[in-house]
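Chemist: Residues per chain are reported as follows:
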Amino acid sequence: MKFLKLENITKSYNLEPTNFKSFIIDVKKFFVSEKQNNNKIVISDCNLEVEKGDSIALLGKNGAGKSTLLKIIAGITYPDYGSIKRNCTIASMLSILTALEHEFTGYENIFFLGAGMQISKNNLESKVDDILTFADLHEFKNTPVKRYSTGMKVRLSFSICVNVACDLIIADEVLMVSDQAFKEKCILEISKIIEQKKKAIIFVSHDRYLNKKICKYGVVLKNGNLSKIMKIDEAYNYYDLINKKNINN
Amino acid sequence: MISNLKKIYLYKDFLFQLIKKHFVNFYKQTILGPLLQIITPLLQSGIFALVFGKLLDFNTDSVPPLLFYIICTSYFNYFRGSAMKCSNVYQNYQGLFRSFYFPKILMYISLIIENFLLYLIQFIFLLAVILLYFLLGAFEKINFINILLSFVPILYITFFSINLGIIFSSLSIKYRDLTHFINYIMQILFYTSPILFSNSVVSKDLEWFFYFNPIYYPISYYKNLLIGSQMPNITFLFSSLIVLVLLSIISYFLYKFANKQFDDFV
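Those protein sequences? They're chains A and B, same order as listed. Residues in the first sequence are numbered from 1 upward in steps of one, following this note's numbering. Residues in the second sequence are numbered from 1 upward in steps of one, following this note's numbering.
Do not take every clue at face value.
To be verified - Each computed DSS-like pair below joins lysine-lysine, with the alpha-carbon atoms no more than 25 angstroms apart:
hint, chain 1, residue 1, chain 2, residue 2
1, A, 40, A, 212
2, A, 198, A, 212
3, B, 28, A, 85
4, A, 141, B, 104
5, A, 127, B, 174
6, B, 141, B, 7
7, A, 29, B, 54
8, B, 20, A, 146
9, A, 85, B, 256
10, B, 174, A, 121
11, A, 5, B, 20
12, A, 222, A, 197
13, A, 40, A, 52
14, A, 5, A, 21
15, A, 40, B, 174
The set of hints was computed from the structure by calculation and includes no laboratory data.
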């Protein structure tokens, strides 16, 4: 069974500023329905299927709609059109630094984030040691997270997502601030999980090395359109070709 | 409806964590901690008792002014606290909403539960004050069934405040200044409800005016249960219930709108 199936997903955003003028327009729209829509389409007619054991890098330049697509997958935002079928539990690492409760200790945050991802308390209790060991935060488990460095917060969040019993991990630029040693540790852990076909991952990063190490496949998002799933090297060739064309133009 | 309740049940652990988060955020690095829940209404009621009860000699239904104002303010403060906290949900917790999916109604429920628990602290203090006046002979009307029944108007105001909060928080996802209107509503309701004055001073000719105040009946009933204040006509209950039903319908649609559009605007 597919973990995730996106069909004809389209999403647009209104990029106009919100002020008195937009309020007057909204009031007018309320009384006279206007078909004209000035929204900018961020994702257009996008299809994607994810199965157990898949590791997919989502490639695209800034503003291509990668984060929006991840938010749609996570259920944080809704598409204008299209359908999403989720047959999995999702651990999302989208705005991980704001997800943590900064007054809670690292230990308490494991239960806070875990509960938010619908992981049972028993499951979390059995995983606490693994999470702290992986994040190398045993020493700081009773320290409030507000005293953690950004890197430590990322380590904690990432460790929770990787260690708890969820099916699909979606990560958006999570390892950007991590040190090289932790990045290598994550690459090893994720590769292990993917090889054992326990979970799937959709990964967004501008770090080519990380993408190639973590993901077997890649998809390219360009002008709101998603390419077909390709082997990661093919996906990068296609991505580079698009970028070259853009530079030449 | 049932699927929504199921969802809430599935997230019960997270609901507990959210309540814990609210308490920790409120009480960490404080000197007085939960004592604030007693000191604040005591100071507020003390000033009201001094100004309105003693200096201006307002009628307080033959009970000591301090007791009268503690009862009135505890009810109104619970209402105000719940509505105000719920009216800023999307602005205050946008980081969490953007991190992972969870039903947004959980945030409202957690804030209401937090506020109800804080109310219970005030309620215990209120009972202690009633008992003290009873022992001193200044108050003779303790009725334990009425004390339990006082949670009925609390239930009404809980639903009323969560609906009001949902409406304002949903409207403010696009136009943030709409949240400020709830402050005006609170002020209007405070001065037009029998909080500072007794129901007995309300002129029969002008009583119709209170049909526009949906908390007039519940607060009067609350006072009646605890200190035997005069009850208004039952028709005021119907007007309150009609307003509650209307608010619930509006808040249901606005919640659905905000749930889908939140990320587009906030």
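Chemist: With reference to the structure, classify each hint as holding or not holding.
Modeler: Hints and how they fare:
1. A/40 - A/212: Given pair residue 40 of chain A, residue 212 of chain A is violated - Cα atoms ~31 angstroms apart, limit 25 angstroms.
2. A/198 - A/212: 20 angstroms, holds
3. B/28 - A/85: Roughly 42 angstroms separates the two Cα atoms, so the pair is violated.
4. A/141 - B/104: 29 angstroms, violated
5. A/127 - B/174: At roughly 41 angstroms apart (the allowed maximum being 25 angstroms), residue 174 of chain B and residue 127 of chain A break the hint.
6. B/141 - B/7: Cα-Cα ~44 angstroms, so violated.
7. A/29 - B/54: With a Cα-Cα distance of about 56 angstroms, the restraint between residue 29 of chain A and residue 54 of chain B is violated, given a limit of 25 angstroms.
8. B/20 - A/146: 17 angstroms, holds
9. A/85 - B/256: Roughly 20 angstroms separates the two Cα atoms, so the pair holds.
10. B/174 - A/121: 37 angstroms, violated
11. A/5 - B/20: Distance of about 36 angstroms is beyond 25 angstroms: violated.
12. A/222 - A/197: 29 angstroms, violated
13. A/40 - A/52: 33 angstroms, violated
14. A/5 - A/21: With a Cα-Cα distance of about 40 angstroms, the restraint between residue 5 of chain A and residue 21 of chain A is violated, given a limit of 25 angstroms.
15. A/40 - B/174: 17 angstroms, holds
The structure fails to meet hints 1, 3, 4, 5, 6, 7, 10, 11, 12, 13, 14 from the earlier list, while all remaining hints are met.
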